[in-house]
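Sequential numbering from 1 applies to the sequence shown in full-length UniProt numbering.
If you are wondering where the hints come from, they were derived from the structure by calculation, not from laboratory data.
Where is the CB? At the ideal position from N, CA and C, for every residue including glycine.
There may be inaccurate statements among the hints.
[As the list claims (entries may be wrong)] Simulated restraints, written as ranges between beta carbons of each label pair:
1) ASP188 - ARG127: 20 to 26 Å
2) ARG84 - PRO52: 46 to 52 Å
3) ARG127 - GLY285: 24 to 30 Å
4) ASP100 - ARG150: 24 to 30 Å
5) PRO314 - ALA171: 16 to 22 Å
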Amino acid sequence: MSHLSLAYDVVQRLRGHWRRSLSEPLRGRSAILVLPRVLADDATARLPHHAPYALGPESFRRLLDHLTDHAQIVTLANARRLHRDPLPRIALTFDGGWRDTAEVALRQLERLALPASMFLTTGWVNRARGDWWNTLGDALWEGIQPARVRDCLGDAGLPLPPARPAHPGTAYSHALRAYLEGLAHHTDPLTLARLGDALGDELDIPPQTLDPFSIRRLESSGLVRFGARGVSATPLDALDDAQVQWQIRQSRRQLGVLCRDPLPGFAYPQAEASPRVRLLAQRCGIQEGLHGHAGWLSHRDDPLALPRFPITLPVASSAGRLYDWLLGQP
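From just these sequences and the hints, can you work out the full model?
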């Protein structure tokens, strides 16, 4: 970390503690957090190509400790209700239905008896496939069937990845992150979604997502409720009207088979949904839609575009950074 980055980190931490110390900065407030995939160990989560979208068990534990010291962890429904409690109400949500998230994070939630909501990409249930970033990144990092991965990239007309060294380390992880970010910025989202599906079907990897039995077991625990976020992770704005409505309706139908009491809300598989997608969601019977942009809940919110605070590993690991992030938003 450079001297400038270190100085900024210290400023963030101090500013966060100062904001939290102000007179009643959190009274009557509510927020929804969207948490990334929780991996089995923190060293893996800290790798540059994982860091934007992953936590480890220790960083997740610290996040829960920071939150429970100064907030009430509640259900989504309770977070939406107006209140004047001195402590804020925070609802925890996870997107995707990752198996390691359930195995690692939900043990911590059970330990503290904290509720959470998980929004499933229903087409991934009990399958090897996941979102393209994780599927491709993990395959390249682990060196899984490199020839087949290169064939899939070539078939999609995409540039080849950096060469994998015999002993991959942080430098290779940085190169992977730069490569993946380049694909994200310069490639059509539908092409990337199809790549993720192709890799999931072609590569010899075990299922990365929850199976139906695990979903029902977790729901039976009473702490976890499940909602839908589409059949695939394709951004809905990249689809036509009929495809958007099929994604929403089909994922809700599939969720109804998997769960006894599914959540009525829908989490968009992208950071923000356009007015067109929100209108289509409403036509599908959706009354609450969850976004990925940051903000506290308000009675003025569009119920089809409710804000959620995305949580990253640096934010989760520091109470100062966490409250600087939360209290720096309107």
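Quick rundown of the hints versus the structure:
Evaluation of the 20 to 26 Å hint for ASP188 and ARG127 yields a pass: the beta carbon distance comes to about 23 Å. One distance hint, 46 to 52 Å for the beta-carbon pair ARG84 and PRO52, is violated here, with the actual separation near 36 Å. A C-beta distance of roughly 26 Å is found between ARG127 and GLY285, which places it inside the suggested range of 24 to 30 Å. Judged by the Cβ atoms, the range 24 to 30 Å given for ASP100 and ARG150 holds: they are separated by roughly 26 Å.
Checked against the given bound of 16 to 22 Å, the beta carbons of PRO314 and ALA171, roughly 20 Å apart, stay inside it.
Taken one by one, the earlier hints fail for this structure only at number 2.
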